[in-house]
Amino acid sequence: MPRLLTFLIGLVFFYCSPGQDVSVRLGEALKKLETDPQLKHAIISLYVVDSKTGKQVFNKNAQIGLVPASCQKVITSTSSFELLGADYRYKTEISYDGKIEEGVLKGNLHIVGGGDPTLGSRRWESTNENQVLQRWVSEIKKAGIKKVEGIIFGDQKNWSTATVPDGWIWQDIGNYYGAGASSINWRENQYDITLKSGNRIGDVCEIVSIKPGSVKPALVSEVITAERGSGDNAFIYLPPGANFGYIRGTIPIGENAFVISGSLPNPSLSLVYSFSELLNSSGIAVPKQEGWISKAPFFKLNPLYTNTSLPLDSINYWFLKKSINLYGEALIKTIAWEKEGFGSTEKGVDIIKYFWSQRGIEKSALNIMDGSGLSPQNRVTTDALVKVMQYARSKPWFYAFYRALPEINGITMKSGSINGVRSYTGYVKSKNGNEYTFAIIINNFDGSAPDMVRKIWRVLDVLK
Numbered sequence: 001m002p003r004l005l006t007f008l009i010g011l012v013f014f015y016c017s018p019g020q021d022v023s024v025r026l027g028e029a030l031k032k033l034e035t036d037p038q039l040k041h042a043i044i045s046l047y048v049v050d051s052k053t054g055k056q057v058f059n060k061n062a063q064i065g066l067v068p069a070s071c072q073k074v075i076t077s078t079s080s081f082e083l084l085g086a087d088y089r090y091k092t093e094i095s096y097d098g099k100i101e102e103g104v105l106k107g108n109l110h111i112v113g114g115g116d117p118t119l120g121s122r123r124w125e126s127t128n129e130n131q132v133l134q135r136w137v138s139e140i141k142k143a144g145i146k147k148v149e150g151i152i153f154g155d156q157k158n159w160s161t162a163t164v165p166d167g168w169i170w171q172d173i174g175n176y177y178g179a180g181a182s183s184i185n186w187r188e189n190q191y192d193i194t195l196k197s198g199n200r201i202g203d204v205c206e207i208v209s210i211k212p213g214s215v216k217p218a219l220v221s222e223v224i225t226a227e228r229g230s231g232d233n234a235f236i237y238l239p240p241g242a243n244f245g246y247i248r249g250t251i252p253i254g255e256n257a258f259v260i261s262g263s264l265p266n267p268s269l270s271l272v273y274s275f276s277e278l279l280n281s282s283g284i285a286v287p288k289q290e291g292w293i294s295k296a297p298f299f300k301l302n303p304l305y306t307n308t309s310l311p312l313d314s315i316n317y318w319f320l321k322k323s324i325n326l327y328g329e330a331l332i333k334t335i336a337w338e339k340e341g342f343g344s345t346e347k348g349v350d351i352i353k354y355f356w357s358q359r360g361i362e363k364s365a366l367n368i369m370d371g372s373g374l375s376p377q378n379r380v381t382t383d384a385l386v387k388v389m390q391y392a393r394s395k396p397w398f399y400a401f402y403r404a405l406p407e408i409n410g411i412t413m414k415s416g417s418i419n420g421v422r423s424y425t426g427y428v429k430s431k432n433g434n435e436y437t438f439a440i441i442i443n444n445f446d447g448s449a450p451d452m453v454r455k456i457w458r459v460l461d462v463l464k
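Numbering (my numbering), first residue to last: 1 to 464.
Just so you know, these hints were derived from the structure itself, not from any lab.
Mixed in with the good hints, there may be bad ones.
Within a straight-line C-alpha distance of at most 25 Å, the following computed BS3-like cross-link-like pairs (lysine-lysine) qualify [claimed, not checked]: (1) K300 with K141; (2) K322 with K91; (3) K288 with K300; (4) K395 with K363; (5) K429 with K91; (6) K52 with K464; (7) K106 with K55; (8) K321 with K300; (9) K353 with K363; (10) K429 with K31; (11) K91 with K31; (12) K431 with K31; (13) K40 with K52; (14) K60 with K300; (15) K363 with K91; (16) K60 with K431; (17) K99 with K141; (18) K429 with K339; (19) K55 with K395; (20) K300 with K99; (21) K464 with K31; (22) K353 with K395.
Only a predicted model underlies this, so the values are computations on that prediction, with no experimental measurement involved.
Model the full structure from these sequences, guided by the hints.
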């Protein structure tokens with residue numbers, strides 16, 4: 001009996017020790033990190049479970065809500081797969097009112113938006129602006145239209161006019177990564193500014209060009225020339241819908257064509273003008289577009305062409321791989337549009353929080369403001385992130401979700417970063433075959449962000 005007991009104890013130790021060992025080593029690594037001067041005033045949350053069993057491996061502050069930054073995108077992603085479906089496609093309708101007589105449209109053309117964030121995107125050949133507009137022109141020619149007497153409406157009915165979510169900061173919303181979403185999005189709501197730095201440090205930089213040029217805001221440069229190697233520290237200050245703003249910050253000396261990107265203040269108007277220009281150059285006369293109406297008066301519309309997007313799993317790939325904030329904001333509004341009939345961030349947030357509350361995540365653990373994680377007001381627990389990641393593993397769309405996660409430091413994981421925040425959530429397989437699902441968030445660290453990242457990676461290396 002003693003020998004049998006010893007054997008059983010040894011057997012238990014053999015099977016448990018790997019998990020115990022990684023827990024101990026994680027604790028030691030995290031304790032060392034906590035003593036680092038960069039984290040003197042910071043807070044850390046780390047939660048790790050065994051991917052196969054779901055059993056807890058390590059827990060440090062897993063129930064404390066922290067700013068997750070772009071790790072929040074995994075919540076929007078998985079929610080979209082479940083609530084919209086992996087095959088969900090956006091539709092943009094090209095319609096007209098009035099009637100066509102002897103090649104003349106005695107009425108107006110309508111672009112009826114469906115929220116497609118990929119319309120005009122350079123990421124796929126079928127979505128780039130030239131391909132999209134050429135298809136539309138071709139369909140108008142097929143309908144026998146050679147002249148349009150009316151105008152082109154950018155119709156955005158049943159979507160919120162609040163393109164930017166509450167909680168986004170002034171420094172972000174004018175820049176490409178702070179592009180808001182509406183029912184008509186175009187070229188990922190992005191335009192590019194070329195700057196030329198001064199001859200001396202402290203000189204004001206010059207705006208060389210703004211492209212595309214059909215509809216561009218009037219911007220004043222207050223950007224200052226800085227030392228070589230200082231990088232891109234220029235920010236555009238331009239409210240949504242406005243046509244006048246400022247560029248502030250710094251770029252390095254010796255730059256003749258330094259490009260920064262902004263968020264189009266009115267993507268629908270930009271699309272209408274680009275479409276109008278191509279129609280005219282293709283021999284279809286359209287009056288000069290003097291303005292833009294977000295909600296056209298009531299017309300009986302005749303469908304002419306439906307522009308269909310790639311499926312959600314393709315959109316999700318770039319959403320997670322390149323962390324495109326616009327896609328997240330479009331998805332959360334699309335969920336609201338499809339489920340409640342009105343595309344708003346607030347409705348989308350409510351639906352997502354309710355969905356996860358029915359799957360074991362308290363609403364208070366998902367105190368979110370947007371679909372991308374850009375707002376510093378978001379608060380999410382690492383426990384919630386891990387539960388979402390574990391939930392995904394059991395679903396038929398998991399492969400599409402998993403392949404969209406970047407590989408960082410040899411680990412398949414999503415990263416998040418805003419000022420004073422670094423976060424990661426993902427999956428890792430250790431050398432001994434154990435599989436782990438994890439989430440780590442650090443808020444309010446001090447000093448160098450790259451240094452902080454390397455220190456976090458050293459903690460996560462324990463799981464390899």
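A quick look at each hint next to the structure:
no.: 1; hint: K300 with K141; in the structure: 21 Å, holds
no.: 2; hint: K322 with K91; in the structure: 23 Å, holds
no.: 3; hint: K288 with K300; in the structure: 23 Å, holds
no.: 4; hint: K395 with K363; in the structure: 22 Å, holds
no.: 5; hint: K429 with K91; in the structure: 40 Å, violated
no.: 6; hint: K52 with K464; in the structure: 16 Å, holds
no.: 7; hint: K106 with K55; in the structure: 67 Å, violated
no.: 8; hint: K321 with K300; in the structure: 42 Å, violated
no.: 9; hint: K353 with K363; in the structure: 5 Å, holds
no.: 10; hint: K429 with K31; in the structure: 23 Å, holds
no.: 11; hint: K91 with K31; in the structure: 51 Å, violated
no.: 12; hint: K431 with K31; in the structure: 23 Å, holds
no.: 13; hint: K40 with K52; in the structure: 36 Å, violated
no.: 14; hint: K60 with K300; in the structure: 60 Å, violated
no.: 15; hint: K363 with K91; in the structure: 32 Å, violated
no.: 16; hint: K60 with K431; in the structure: 24 Å, holds
no.: 17; hint: K99 with K141; in the structure: 15 Å, holds
no.: 18; hint: K429 with K339; in the structure: 37 Å, violated
no.: 19; hint: K55 with K395; in the structure: 19 Å, holds
no.: 20; hint: K300 with K99; in the structure: 11 Å, holds
no.: 21; hint: K464 with K31; in the structure: 19 Å, holds
no.: 22; hint: K353 with K395; in the structure: 19 Å, holds
Taken one by one, the earlier hints fail for this structure at numbers 5, 7, 8, 11, 13, 14, 15 and 18, listed in ascending order.
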